[in-house]
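Residues per chain, in single letters:
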Amino acid sequence: MRPFNFAAATEPTEAIATVNDTPEAKFIAGGTTILDLMKQYVETPTQLIDINGLPFSQIEATPSGVRIGALARMSDVAEAAIIRENFPVISEALLLSASAQLRNMASIGGNLMQRTRCGYFRDPAFPCNKRVHGSGCPAINGEHQRHAILGTSDKCLATHPSDLAVALVALDAIVQVRGPQGERRIPITEFHLLPGNTPHIETALQPGELIVAVDVPKALFSKSSHYLKVRDRASYEFALVSAAVAMEVQNGTITSARVGLGGVGTKPWRSGEAEAALQGQPPTLESFREAAEAALTPAKPMQQNAFKVELAKRTLVRALETVGEML
Amino acid sequence: MGMGCLDRQQRISIEKVTVCSIPKPLPTVPSKPNSAMMDITLKVNGKAYPLTTEPRVTLLDALREYIGLTGTKKGCNQGACGACTVLVDGRRINSCLTLALMNVGKEITTIEGLATGDELHPMQTAFIKHDAFQCGYCTPGQICSAVALVAEGHTKSDAEIREWMSGNLCRCGAYPNIVSAIKEVAQGGSNASI
Chain A
1 MRPFNFAAAT EPTEAIATVN DTPEAKFIAG GTTILDLMKQ YVETPTQLID INGLPFSQIE
61 ATPSGVRIGA LARMSDVAEA AIIRENFPVI SEALLLSASA QLRNMASIGG NLMQRTRCGY
121 FRDPAFPCNK RVHGSGCPAI NGEHQRHAIL GTSDKCLATH PSDLAVALVA LDAIVQVRGP
181 QGERRIPITE FHLLPGNTPH IETALQPGEL IVAVDVPKAL FSKSSHYLKV RDRASYEFAL
241 VSAAVAMEVQ NGTITSARVG LGGVGTKPWR SGEAEAALQG QPPTLESFRE AAEAALTPAK
301 PMQQNAFKVE LAKRTLVRAL ETVGEML
Chain B
1 MGMGCLDRQQ RISIEKVTVC SIPKPLPTVP SKPNSAMMDI TLKVNGKAYP LTTEPRVTLL
61 DALREYIGLT GTKKGCNQGA CGACTVLVDG RRINSCLTLA LMNVGKEITT IEGLATGDEL
121 HPMQTAFIKH DAFQCGYCTP GQICSAVALV AEGHTKSDAE IREWMSGNLC RCGAYPNIVS
181 AIKEVAQGGS NASI
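Sequences listed follow chains A and B, in order. Per this note's numbering, numbering through the first sequence is continuous, rising by one, with the last residue being 327. Per this note's numbering, numbering through the second sequence is continuous, rising by one, with the last residue being 194.
Since the hints were made in silico from the structure, they are not lab data. Note that this is a predicted model, so its numbers are computed, not measured. Keep in mind that a hint or two might mislead.
[Stated by the list, open to error] Using 20 angstroms as the maximum straight-line C-alpha spacing, the simulated SDA-like pairs for lysine to any residue come out as follows:
1) B:K156 x B:V179
2) B:K106 x A:T10
3) A:K26 x B:A36
4) B:K156 x A:E92
5) B:K74 x A:Q40
6) B:K47 x B:V88
7) B:K43 x B:E112
8) B:K106 x A:A78
9) B:K43 x A:G53
10) B:K156 x A:A78
11) A:K155 x A:P124
12) A:K218 x A:E92
13) B:K156 x A:R84
14) B:K74 x A:M38
15) A:K155 x A:I201
16) A:K39 x B:E112
17) B:K74 x A:M1
18) B:K43 x A:A8
19) B:K106 x A:K39
20) B:K183 x B:S166
21) B:K106 x A:A8
22) A:K218 x A:Q250
23) A:K39 x A:R2
24) A:K218 x A:T189
25) A:K39 x B:K74
26) A:K39 x B:A80
27) A:K39 x B:S166
28) A:K39 x B:K43
29) B:K156 x A:G136
30) B:K106 x A:D50
Make a model of the complete structure from these sequences and hints.
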C-alpha cells in the first residue's frame, strides 16, 4: 500500500470540502473495497477521509418508503424489519452477497461504489481502460468468461459486481448525494454509467460528492419481490447471473413488473424490454419466457460468456415463477 | 510481502526513486519515521495497547506485528479467506480490510481473548473435541467467526451454519467437524455459557 494521510471527519461539510480540494483524496467507510485495491496498487489515494463518524447510518421509514443511510452496514440493512417486510428483494440480495464478516463491515454507499472484479482491472501488470484511460482492454481477446453481455463497448466488458444495486434498480431507488454545492437526487438507474468510450468514469458523482442515503419508494409490487443469484459455488461468490424481480398482479393480469439483472451488465441492469413484455400479460410460464427472451435480445455475448444468455433467461424465468407463486 | 508481487511498471518506478534493482522485502513496520505517523491506542482483549503507526497499517498487522498477538492469522490479506477474523464490538470482521486507526475506541477480541485463564472458551473446547481442524491455520478465524455466529443465532440447521460460516475457508477440508463443533455449542454443549 502507498503511504497516505488520514483524517476522521466529524461533520459532512468539512469532509466534502477536503475531498473536493485535495487531488487523489477519497472517502473511506467500511474499507472492504478500497483497502483491498490499495494493497494491489489499483487505488493510490494520497489522503483518506474516514466518514464513519458522520450521522448517515440510520434506516428509517419515510412517507414514501424507506431511507437507508449510506453508512448503514449491509448486515444491519438485511436484518432490518422494515426492509425484510416491505422490500424482501433488498434483504435477499444483501444476504447472498459476500460473507457475514464483510457484510458487517461494508456500507451501503460503499456497495454502490465498489469496483469491478475483472482480473485485468485488479492487476496493474495489464492494461485496462477502466484503470488507465486509453490503455486497452485485454479481456476482449483474453479471459472474459465472467464478463458482461449487456451494455458492453469495444473499450470495456467489465461486469458490475453488486447484488444490492440490482435490487435497487428494480425498485426505482434514488441515491441522495451531498457535494460542495449542496444535495441532489440521482435515480439509481442513472447513477452507474455505461462504459462507452470512457469506462474509467463509472458513476454520475461529481468531485467531492458523497452518497448520504438511498431512498427506496414503497410500491404495490415491493413486497412481492425476490432476488435469485446463480454462481459457481453455493455461497460467498459473485453472481454468474442474478435476477431481481417485483410484480403486481390484479385479476389475473400483470399490472406492473420490475426486472433487474446482475452478473450480465456493465452496470446494474434494468430490463425495460422484459417489463414491457410482462405488462398486461397473465402471470404464466409462457409470459415469463417471453419476457426473458426480450430481456436478452440486446445481449452481445463473447466466445467464453455465451453461456450467460441462456443462464440469465432461465434465472429470470425462475425468479418470476417464485414471485408468481407469492401472489 | 516482497516486491515480487508488484508489477514490472511499478517496480521500475520504485527503482527510479530508490536506485535499487534488487527486490527486497517491503517492511511492514516502518523502518524510518513517517510524517504521517500517528499515536493511537487499541483496546484488545480488555487491555489498552498504545502504538505509533502509519495510517496504512491494517488492524491485522497492528495485532500481529505491533502488539505481538499472532493468534490472528494472515491468510489471503484480501478478505477472501477469513483467517484474520476478529470481533470488534462483538461483531465479526476481517481485520485485514480495516485500518488499525479506524478501530480506536472499540473493543477488539482476538482468539487470545476467548479463554478465561486456563479455561478454554466452549467453542475452543468443542473444536478440540470434534477434531475440527487439521493444520490449524484457519482455526483462530473459524473460532472467532463461530462465536459470533452462535451469538447471531444463525445455527438452526447444518445448512444455515454452513451458509453463515462461508466466509471462513479451510483448505484441509475440516468443514463437517467444524459444523459439528458449532452445532454442539449452539445447543448448549461443551459445558459452558458463551
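Outcome of the hint check:
1. Pair hint K156 (chain B) plus V179 (chain B) holds up; C-alpha atoms about 12 angstroms apart against a cutoff of 20 angstroms.
2. In summary, the hint linking K106 (chain B) to T10 (chain A) is supported, as the alpha carbons are separated by about 17 angstroms, within the 20 angstroms threshold.
3. Restraint check for K26 (chain A) and A36 (chain B): satisfied, since their Cα atoms lie roughly 17 angstroms apart, inside the 20 angstroms limit.
4. This hinted pair checks out: K156 (chain B) and E92 (chain A) have alpha carbons roughly 18 angstroms apart, not beyond 20 angstroms.
5. The hinted pair formed by K74 (chain B) and Q40 (chain A) meets the criterion: a straight-line CA distance of about 16 angstroms does not exceed 20 angstroms.
6. A threshold of 20 angstroms between alpha carbons decides the hint, and for K47 (chain B) with V88 (chain B) the separation of about 14 angstroms falls inside it, so the pair holds.
7. Note on K43 (chain B) and E112 (chain B): the hinted pairing holds, with a Cα-Cα distance of about 13 angstroms set against a maximum of 20 angstroms.
8. For the hint linking K106 (chain B) to A78 (chain A), the alpha-carbon distance of about 23 angstroms lies beyond 20 angstroms, and the restraint is violated.
9. Straight-line distance between C-alpha atoms of K43 (chain B) and G53 (chain A) comes to about 19 angstroms, which keeps the hinted pair within the 20 angstroms bound.
10. Taken as a hint, the K156 (chain B) and A78 (chain A) pair is honoured in the structure, with Cα atoms around 18 angstroms apart against an allowance of 20 angstroms.
11. At roughly 17 angstroms between alpha-carbon atoms, K155 (chain A) and P124 (chain A) fall within 20 angstroms of each other, so this suggested pair holds.
12. Distance restraint check for K218 (chain A) and E92 (chain A): the Cα-Cα separation of roughly 17 angstroms lies within the 20 angstroms cut-off, and the hinted pair is therefore satisfied.
13. Note on K156 (chain B) and R84 (chain A): the hinted pairing holds, with a Cα-Cα distance of about 19 angstroms set against a maximum of 20 angstroms.
14. Distance hint between K74 (chain B) and M38 (chain A) is fulfilled; the C-alpha atoms sit about 17 angstroms from each other, no more than 20 angstroms.
15. Proposed proximity of K155 (chain A) and I201 (chain A) is supported: the alpha carbons are some 12 angstroms apart, at most 20 angstroms.
16. With a C-alpha separation of about 27 angstroms, the suggested pair K39 (chain A) and E112 (chain B) falls outside the 20 angstroms cut-off, and the hint is violated.
17. Proximity of K74 (chain B) to M1 (chain A) is assessed by CA-CA distance (about 16 angstroms); at most 20 angstroms being required, the pair is judged to hold.
18. Under the criterion of a C-alpha separation no larger than 20 angstroms, the hint pairing K43 (chain B) with A8 (chain A) is consistent with the structure, at around 19 angstroms.
19. With a C-alpha separation of about 24 angstroms, the suggested pair K106 (chain B) and K39 (chain A) falls outside the 20 angstroms cut-off, and the hint is violated.
20. Proposed proximity of K183 (chain B) and S166 (chain B) is supported: the alpha carbons are some 15 angstroms apart, at most 20 angstroms.
21. Note on K106 (chain B) and A8 (chain A): the hinted pairing holds, with a Cα-Cα distance of about 15 angstroms set against a maximum of 20 angstroms.
22. Annotation: proposed proximity of K218 (chain A) to Q250 (chain A) holds, straight-line Cα distance about 18 angstroms (limit 20 angstroms).
23. Proximity of K39 (chain A) to R2 (chain A) is assessed by CA-CA distance (about 8 angstroms); at most 20 angstroms being required, the pair is judged to hold.
24. With a CA separation close to 17 angstroms, the supplied pair K218 (chain A) and T189 (chain A) stays within the 20 angstroms bound.
25. For the given pair, K39 (chain A) sits about 14 angstroms from K74 (chain B) by alpha-carbon distance, which is consistent with the 20 angstroms threshold.
26. With a C-alpha separation of about 14 angstroms, the suggested pair K39 (chain A) and A80 (chain B) falls inside the 20 angstroms cut-off, and the hint holds.
27. Between K39 (chain A) and S166 (chain B) the alpha-carbon distance is near 23 angstroms, which puts this suggested pair outside the 20 angstroms criterion.
28. Proposed proximity of K39 (chain A) and K43 (chain B) is contradicted: the alpha carbons are some 25 angstroms apart, above 20 angstroms.
29. Between K156 (chain B) and G136 (chain A), the direct Cα distance comes to roughly 50 angstroms. Violation of the 20 angstroms bound is thereby established for this hinted pair.
30. Proximity of K106 (chain B) to D50 (chain A) is assessed by CA-CA distance (about 15 angstroms); at most 20 angstroms being required, the pair is judged to hold.
Against the hints set out earlier in the document, violations occur for numbers 8, 16, 19, 27, 28 and 29.
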